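J.: So the protein sequences, as listed, match chains A and B. Residues 1 to 390 in this note's numbering are what the first sequence lists, from first letter to last. Residues 391 to 559 in this note's numbering are what the second sequence lists, from first letter to last.
Calculated directly from the structure, the hints in this document are not laboratory data. Take these hints with a grain of salt, some might be off.
[As the list claims (entries may be wrong)] The calculated BS3-like cross-link candidates involving lysine-lysine, where the alpha carbons are at most 27 Å apart (straight line), are: (1) A:K223 with B:K396; (2) B:K474 with B:K488; (3) B:K547 with A:K183; (4) B:K483 with B:K556; (5) B:K544 with A:K183; (6) B:K547 with B:K483; (7) A:K210 with B:K474; (8) B:K396 with A:K183; (9) A:K210 with A:K72.
It should be emphasised that the depicted structure is a prediction, and the values quoted were computed from it without experimental measurement.
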Amino acid sequence: MADAARNVTAPPLDSGAAQARPVSGEPVEMLLNMGPQHPSTHGVFRMVLWVDGEKIVDIVPHIGYLHRGSEKLCEGEQYHQVITLFDRLDYIANFNNEHVYVRAVERLMGLEVPERAEYLRVILCELNRIASHLLFIATMGLDAGAMTPSMFCFRGRERIQALFEAVSGARMMHNYFRIGGLKEDVPEDFMPRLRELMPQIREDLEESDKLLSFNEIFLARLKDISPVTAEDAIDYGLTGPCLRASGVEYDVRKAAPYSLYDRFDFNVPTGLDGDCWDRYYLRVQECYESLSIIEQAMEQMPAEGNVLSSLGRRLVRPPAGEVYVRAENPRGEIGVYLVSDGSDRPYRLKVRPPSFCNLSAIRLMLINTWVADSVVILGSLDIVMGEVDR
Amino acid sequence: MLNSIKGMFITLLSSAKGLREPVTRQYPATGNLLQREEAPTPVQPRFMGFPALTWDEGVGEPYCTSCMVCIRHCPTQCMSSTMKDNPLQAEGKSSRRKIVDSFEINLNRCILCGICVEWCNFDAIVMSHEHEMSTYVRNGDRVDLPVLLELGYKHQKETDWVPPTKRGK
């Protein structure tokens, strides 16, 4: 019975199979639709669950509700316009997305980026990583039923976003990184504000950490839920915190240092069991590592200098060729495959989004768990549908 | 049991902190519950609201010559414009040979990326601080030249705008 259910794809909703299927002598199985308009699916993600009582027998994920054809749109936009599309992939970590794209074009053109611009990029990317993880902590708390920590996390995120607005003029869709540098230098009061912000972020982090991480109810909801072994995590192509929670020490910033990440001293935290709580706590630890990277970058950064390469602001036409660039996003490893035919628009642009690959393990993680746990398991993957569907 | 007490203690501490300094606030107003100011939430100086056209007060005409560089670089094709011979140039008052005749921006399409401002060679377009422009009419946000100039003039007055090409140095 259960095996038979695993081998079918979800039938159409009007086929009558959506009702319970009583089979003589067998437990009653039911088809349960979760999403696309479900608050805990973090966007428009639909799961069709085959449940036996409260136990999940099988699951069929449906994606594509937020498909906008970003990759195809990129082929019609000039290189500097594509940055706006990359803002809208993983819309929680915009700076990180912009960074990987501009790095791809710079690699293709062999551009040298001024040091100050690169430092500012690293600072902004790490701040964005903290903002993204803060949002994760907030939603993870909400998924498990904790309302209060989300308020504190959102306050911390708000402070970071106010700084982003001062730097780029927008809270989320920044469009600030340019091919060869930055749009303009940061405002004069950026460094004082950042220095003021750092202890505040640390305080916000510690506060939500204290409230949530070792809370007894929270632990009961998350610990030992859906553990993923290191082998499984590697086989399914999990990256980022989801992979490291299983004990694999793999971080693109360490494994293949890009930008200036070889100049900073930071740890790559790993988990032990790869369960939901490990996936949660690893992100908390990563926030502290990001803070230390920002502190080091603030010390090393040249006080003034150019922020745009000698190329300046102009239409770029990279030489014909192809390039694959990867980076560590808050959600995992993002890859950009860019093919140029020498014109002012990309010939082909393919994104390897971390959320999409992490989501592929959802079936492995959900089978034989309880329906109530499916919410926290999906939440612990930290998916962003804008990136999954593209 | 001990854990519950510990958790309650942390919650209590955090609540006390929250009372001193509210985390949220009523949307358009600033201040806190006790001191409420009805002024809109301030934005950062670099804030990118809807684009607007600037007004050259020295001559009394728009900066825009309708060269269409912004239109060509717009990722969403939200703008269109036409150009005419500048009457003030014939009178010798202006150095612009051509001047904008009509300009339309569909603000529903605009994604506030600021690329138009970056590429403009005539300091003609600016990202205003205007960001609440909902209307009850379909296509009510398709704004034309007078509205854009009014928005831009308001922004120039409010922020002591200096043309980017004359900035610094």
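J.: Give a verdict on every hint.
T.: The hints, checked one at a time:
no. : hint               : in the structure
1   : A:K223 with B:K396 : 20 Å, holds
2   : B:K474 with B:K488 : 6 Å, holds
3   : B:K547 with A:K183 : 25 Å, holds
4   : B:K483 with B:K556 : 21 Å, holds
5   : B:K544 with A:K183 : 25 Å, holds
6   : B:K547 with B:K483 : 23 Å, holds
7   : A:K210 with B:K474 : 66 Å, violated
8   : B:K396 with A:K183 : 49 Å, violated
9   : A:K210 with A:K72  : 45 Å, violated
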